[in-house]
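Those sequence lines, one after another, are chains A and B. Residue numbers for the first sequence follow the numbering used here, so the first one is 81 and each next one is one higher. Residue numbers for the second sequence follow the numbering used here, so the first one is 81 and each next one is one higher.
Calculated directly from the structure, the hints in this document are not laboratory data. These numbers were taken from a predicted model, which means no experiment stands behind them. All clues given are correct.
A pair holds if it fits inside one copy or across any two, identical chains being indistinguishable in the list.
PhoX-like mimics (lysine-lysine), calculated; alpha carbons at most 25 Å apart, straight line:
#: 1; residue 1: K87; residue 2: K143
#: 2; residue 1: K210; residue 2: K110
#: 3; residue 1: K87; residue 2: K231
#: 4; residue 1: K210; residue 2: K87
#: 5; residue 1: K144; residue 2: K210
There are 2 protein chains.
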Amino acid sequence: MQSLQEKASEWSGVNPNDAFAIDETNLYRKLGLQTFINLSTNFYNRVYDDEEEWFRSIFANSKKEDAIQNQYEFFVQRMGGPPLYSQRRGHPALIARHRPFPVTRQAAERWLHHMQQALESTTDIDSDSKIKLLNFFRHTAFFLVAGDELKNQKQSIACKHAASKPAAV
Amino acid sequence: MQSLQEKASEWSGVNPNDAFAIDETNLYRKLGLQTFINLSTNFYNRVYDDEEEWFRSIFANSKKEDAIQNQYEFFVQRMGGPPLYSQRRGHPALIARHRPFPVTRQAAERWLHHMQQALESTTDIDSDSKIKLLNFFRHTAFFLVAGDELKNQKQSIACKHAASKPAAV
Numbered sequence: 081m082q083s084l085q086e087k088a089s090e091w092s093g094v095n096p097n098d099a100f101a102i103d104e105t106n107l108y109r110k111l112g113l114q115t116f117i118n119l120s121t122n123f124y125n126r127v128y129d130d131e132e133e134w135f136r137s138i139f140a141n142s143k144k145e146d147a148i149q150n151q152y153e154f155f156v157q158r159m160g161g162p163p164l165y166s167q168r169r170g171h172p173a174l175i176a177r178h179r180p181f182p183v184t185r186q187a188a189e190r191w192l193h194h195m196q197q198a199l200e201s202t203t204d205i206d207s208d209s210k211i212k213l214l215n216f217f218r219h220t221a222f223f224l225v226a227g228d229e230l231k232n233q234k235q236s237i238a239c240k241h242a243a244s245k246p247a248a249v
Numbered sequence: 081m082q083s084l085q086e087k088a089s090e091w092s093g094v095n096p097n098d099a100f101a102i103d104e105t106n107l108y109r110k111l112g113l114q115t116f117i118n119l120s121t122n123f124y125n126r127v128y129d130d131e132e133e134w135f136r137s138i139f140a141n142s143k144k145e146d147a148i149q150n151q152y153e154f155f156v157q158r159m160g161g162p163p164l165y166s167q168r169r170g171h172p173a174l175i176a177r178h179r180p181f182p183v184t185r186q187a188a189e190r191w192l193h194h195m196q197q198a199l200e201s202t203t204d205i206d207s208d209s210k211i212k213l214l215n216f217f218r219h220t221a222f223f224l225v226a227g228d229e230l231k232n233q234k235q236s237i238a239c240k241h242a243a244s245k246p247a248a249v
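All chains, full assembly: derive it from the sequences and hints.
Here's what the structure looks like:
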């Protein structure tokens with residue numbers, strides 16, 4: 081059975097080395113806190129204004145300012161900065177925290193569309209960092225699509241209509 | 081509704097500041113790769129030899145050497161070292177990857193019992209690092225107990241016998 085990482089790589093077209101090239105340099109130190117705040121603000125302004133209602137509605141139960149803070153605190157922590165996210169909310173636990181949302185391939189592509197636009201229109205992000213971030217985001221988005229499938233496996237188990245083989249994670 | 085972090089703090093008795101004091105210094109640089117390999121080897125030797133069959137059996141479908149590698153690679157990455165875990169397996173996604181296992185409070189306490197013994201019998205871990213690691217482990221263990229409860233919430237939703245309110249994560 082394919083692992084989460086294998087699925088993420090195949091579906092995103094980004095191999096793990098490129099996805100985690102974000103760790104070659106400390107991008108937090110290179111770009112700074114304000115750049116990540118700007119990026120997440122820019123991103124969620126686009127998401128909450130999305131003309132595609134099906135995508136915009138995924139976020140309807142979250143306050144925009146909370147979404148922005150959760151995202152930039154995670155980015156800062158993951159990119160080598162202070163662990164702002166964990167101090168406030170605990171482990172990122174990315175798949176579990178996305179459980180309430182339908183993370184389909186279509187949603188991943190729409191998320192990436194807005195993030196690419198946000199990256200392009202946020203100043204002070206050099207092109208090398210931009211490529212690294214995009215590869216990380218693309219791989220992660222499809223990692224979460226793979227994680228979303230675990231919900232369906234569990235449904236079968238929960239309802240006892242299928243074999244209760246544990247998910248290979 | 082209590083967040084994962086709030087549940088983890090209440091049940092473990094460790095507040096987030098103490099849990100994430102591991103980030104005050106780079107423990108990977110302080111302790112080194114070999115110490116983490118030794119710690120995980122020591123830990124899993126105890127687990128796979130546990131006289132408590134109910135706990136030992138949780139690990140029956142995993143190879144000991146895989147369990148050791150997964151654990152020390154995660155520790156190294158989380159404690160400020162190279163991202164060994166993500167390069168090989170993707171995001172830690174701690175809650176999702178513990179889905180196949182029954183992470184009860186009793187299991188958390190047994191895990192911590194073995195880890196405390198392992199910490200005490202692994203050389204080259206100074207007492208300050210030991211306290212930081214134990215606080216992190218204790219908080220994380222109960223964070224995963226809180227995460228384990230999400231499975232039950234989902235069961236209700238999956239079987240359509242209960243309200244389909246998304247989990248507050």
